[in-house]
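Use the sequences and the hints to build the structure in full.
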Amino acid sequence: MAITREPHAPPKLRAARSGVDEWMDKDFKFGGSHIKRKAVALILLGAPALAPLFFMAPAFFTMNKNTFSGSVDDTLGTGAAICLFLCLLVTPMTMLTGQHWFVPLRRWFGIMMAASAFGDAIAAGLTDTFEGGFLGVVAGHVFELMGFMIVMLLIPLVITSNHWAQRKLGRYWKRLQQLTYATWILLGFHLILLEGVGFERGDNGSGFAGDGDPIFHQRFYQYGACSLFLLTLRLPLVKRWIAARQREGREWLVWVTIAPIFALFVFGMIFFINEQIFKGIDSFRETPSSE
Amino acid sequence: MSETYATGGYPAVGQEDTTVGGAIVIAMSILSAVLVIAGLAYATGTGARHKAALAAAECEPNLSPSGLQCTTVAMLASQYTAIMTLATQQLSIDGAAYTANQKDHLTAAESALAAAVAAEHALDTKLAGFPFPPAVARTAKALIQANQALAALTAEQARSSSLTQLRSFNPRVEVASAAVQREMTLVRYALAVPPTANQEP
Numbered sequence: 001m002a003i004t005r006e007p008h009a010p011p012k013l014r015a016a017r018s019g020v021d022e023w024m025d026k027d028f029k030f031g032g033s034h035i036k037r038k039a040v041a042l043i044l045l046g047a048p049a050l051a052p053l054f055f056m057a058p059a060f061f062t063m064n065k066n067t068f069s070g071s072v073d074d075t076l077g078t079g080a081a082i083c084l085f086l087c088l089l090v091t092p093m094t095m096l097t098g099q100h101w102f103v104p105l106r107r108w109f110g111i112m113m114a115a116s117a118f119g120d121a122i123a124a125g126l127t128d129t130f131e132g133g134f135l136g137v138v139a140g141h142v143f144e145l146m147g148f149m150i151v152m153l154l155i156p157l158v159i160t161s162n163h164w165a166q167r168k169l170g171r172y173w174k175r176l177q178q179l180t181y182a183t184w185i186l187l188g189f190h191l192i193l194l195e196g197v198g199f200e201r202g203d204n205g206s207g208f209a210g211d212g213d214p215i216f217h218q219r220f221y222q223y224g225a226c227s228l229f230l231l232t233l234r235l236p237l238v239k240r241w242i243a244a245r246q247r248e249g250r251e252w253l254v255w256v257t258i259a260p261i262f263a264l265f266v267f268g269m270i271f272f273i274n275e276q277i278f279k280g281i282d283s284f285r286e287t288p289s290s291e
Numbered sequence: 001m002s003e004t005y006a007t008g009g010y011p012a013v014g015q016e017d018t019t020v021g022g023a024i025v026i027a028m029s030i031l032s033a034v035l036v037i038a039g040l041a042y043a044t045g046t047g048a049r050h051k052a053a054l055a056a057a058e059c060e061p062n063l064s065p066s067g068l069q070c071t072t073v074a075m076l077a078s079q080y081t082a083i084m085t086l087a088t089q090q091l092s093i094d095g096a097a098y099t100a101n102q103k104d105h106l107t108a109a110e111s112a113l114a115a116a117v118a119a120e121h122a123l124d125t126k127l128a129g130f131p132f133p134p135a136v137a138r139t140a141k142a143l144i145q146a147n148q149a150l151a152a153l154t155a156e157q158a159r160s161s162s163l164t165q166l167r168s169f170n171p172r173v174e175v176a177s178a179a180v181q182r183e184m185t186l187v188r189y190a191l192a193v194p195p196t197a198n199q200e201p
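The listed protein sequences derive, respectively, from chains A and B. Counting in my numbering, the first sequence runs from 1 upward without gaps. Counting in my numbering, the second sequence runs from 1 upward without gaps.
Since the hints were derived computationally from the structure, they do not count as laboratory data. Careful: at least some of the hints might be erroneous.
[Stated by the list, open to error] If you anchor each label on the Cβ, the simulated ranges turn out as follows:
1) Ala155(B) to Leu145(A): 56 to 62 Å
2) Thr46(B) to Phe30(A): 44 to 50 Å
3) Ile122(A) to Ala122(B): 35 to 41 Å
[Stated by the list, open to error] Listed next, the stretches of chain B that the computed footprint assigns to chain A, with coverage defined by at least 3 CB atoms under 8 Å from CB atoms of chain A:
4) 21 to 30
5) 46 to 52
Positions of the beta carbon are idealized from the N, C-alpha and C atoms, including for glycine.
Next up, the structure:
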């Protein structure tokens, strides 16, 4: 089969799309050296992914078991979920904008997701109070088993997240990397089982924070809000519809139609980020919140 | 070779496919809009629900920065009593040691006073870090000040060069101790009374 790129795309559209990529590829002078705009933009966009590990660093250096036991899941676990969503966001944004300069962020967010998830699993295994030793803690309950499976899947994903592995694995590399979708699904099961299958019953689930707002505390709902956008824009039929509108030069229609779904994504992410900041700061100060 | 790659990242076009795809996008868009509007509407009632839940559980909302943690008044009073019991026991031991030595053993009496000063400073630190709710803050501040005054006086007493000078502090120390006891009782009573609705933020 012949490989042709965007045979039906009008020249004007392609030029507009590549314009930002070209602008990002240019250098600028800073302190006598030439720096690519893209590099600066990628560092600025990627740096927040270090936040979960940064928040836990003081507890790590002081070996504060209390902080790890109290808030590592909220800090590193939430951080891993945020990184996963950001990793999954790259492809739809590439499709919508036609820009590719931010594609390296997909790998970065994936690696940081793995780092946070590994840290969460190890710390939980060593400090949680469940019975059964390390394995009993990380896989002794069904919701934890889901988290453990995520971690296991992330190991080959991280090991092969480099150009050398990509070359060696060839066409199998992409198939292997599609395990990311399995981690996405397992995260949903992990959260739904963690918090009373989406419903608060008594003090079951994180909804019981004493503030009368169980719905806003259910992380599965937040997961659902974020996932709807990411899932919808991966459906082949939807991708075809978007591509057709873009070829017609009616990109505004795509943006207008997608806007509410993206708003829901942002709405869900706000809760994750809010959790990350407040629990993370508590962890950083080594005064873990028990909420 | 995948269809996606063959068309340069864009799937092949078919009018039927794009119609279905458009219908899916519109359906998801409407669902999302409804959910966002419902979420925002629900969010406007957060404050009222928060207060109602706290009132129902006799919770004090000012004990965590995010206001989400729920600590009951009974839990707070219990934590305060634990701190006070520990401090009072230590001060009683130090006081007994001082009383036993104040007439004929200057060094031993000063040592007992030094231990009392350490206990008073420890109490001071614990009180300063205790999450007193706003309704009790003023009384708690008075307790901390009274305890600091007692610690300063006890430290001065511990530096006495003779037994006579040492005992000359006794009346003033007793007055300062009584002031601390009085403030302790006031704080305990203040913590035992749940805050009224208008005291909550």
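Hint numbers contradicted by this structure: none
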